[in-house]
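Residue numbering for the sequence shown follows the numbering used here, starting at 1 and increasing by one per position.
Just so you know, these hints were derived from the structure itself, not from any lab.
Here a beta-carbon is modelled for each residue, glycine too, at the ideal position from N, C-alpha and C.
Where hints are given, some of them may not hold.
Ranges between beta-carbon positions, derived for each pair [claimed, not checked]:
| id | residue 1 | residue 2 | range |
| --- | --- | --- | --- |
| 1 | A41 | A74 | 23 to 31 Å |
| 2 | A5 | L37 | 18 to 26 Å |
| 3 | P86 | A22 | 12 to 20 Å |
| 4 | A72 | T16 | 16 to 24 Å |
| 5 | M1 | E35 | 34 to 42 Å |
| 6 | F62 | Y9 | 30 to 38 Å |
| 7 | T29 | A91 | 36 to 44 Å |
| 8 | R66 | A41 | 18 to 26 Å |
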Amino acid sequence: MMQHAQLDYIADSARTNAIIIAAVKAFDTYWTQDESLTSYAVSTMLSLGIVANGETPTFGDFESPRIDDFIAKAIPILRAQGVEVPDLTAADVATNEFLDPTISLP
1 MMQHAQLDYI ADSARTNAII IAAVKAFDTY WTQDESLTSY AVSTMLSLGI VANGETPTFG
61 DFESPRIDDF IAKAIPILRA QGVEVPDLTA ADVATNEFLD PTISLP
């Protein structure tokens, strides 16, 4: 479901972006949002590869080496700030078990 939802958003983000803009306005906080910013976000996610198939054709799959790299960088920083963080691996925090491998970003 999440794979389809994100692909649907990338294919046509107008309705979701309108809801985001309306919600930001309704919350009436310091934060602002408009159509140009939401459109920019979608195009930027695509152009920078933030939303992409990755190393496999499966959309949304986790890449264990990338997660392990992040963990190796983040844990020392958190521990230096006094945060108690157990030793972790990608397998402890992410799984591709529930993804449909036939779903891909075109």
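Do the hints match the structure? See the list:
1. A41 to A74: 23 to 31 Å: Given a distance of about 24 Å, which is inside 23 to 31 Å, the answer is holds.
2. A5 to L37: 18 to 26 Å: holds, 21 Å
3. P86 to A22: 12 to 20 Å: violated, 41 Å
4. A72 to T16: 16 to 24 Å: violated, 34 Å
5. M1 to E35: 34 to 42 Å: violated, 27 Å
6. F62 to Y9: 30 to 38 Å: violated, 19 Å
7. T29 to A91: 36 to 44 Å: Hint holds: Cβ distance 38 Å, inside 36 to 44 Å.
8. R66 to A41: 18 to 26 Å: At 22 Å between Cβs, range holds.
Violated hints, listed in ascending order, are 3, 4, 5 and 6; each of the other numbered hints is respected by the structure.
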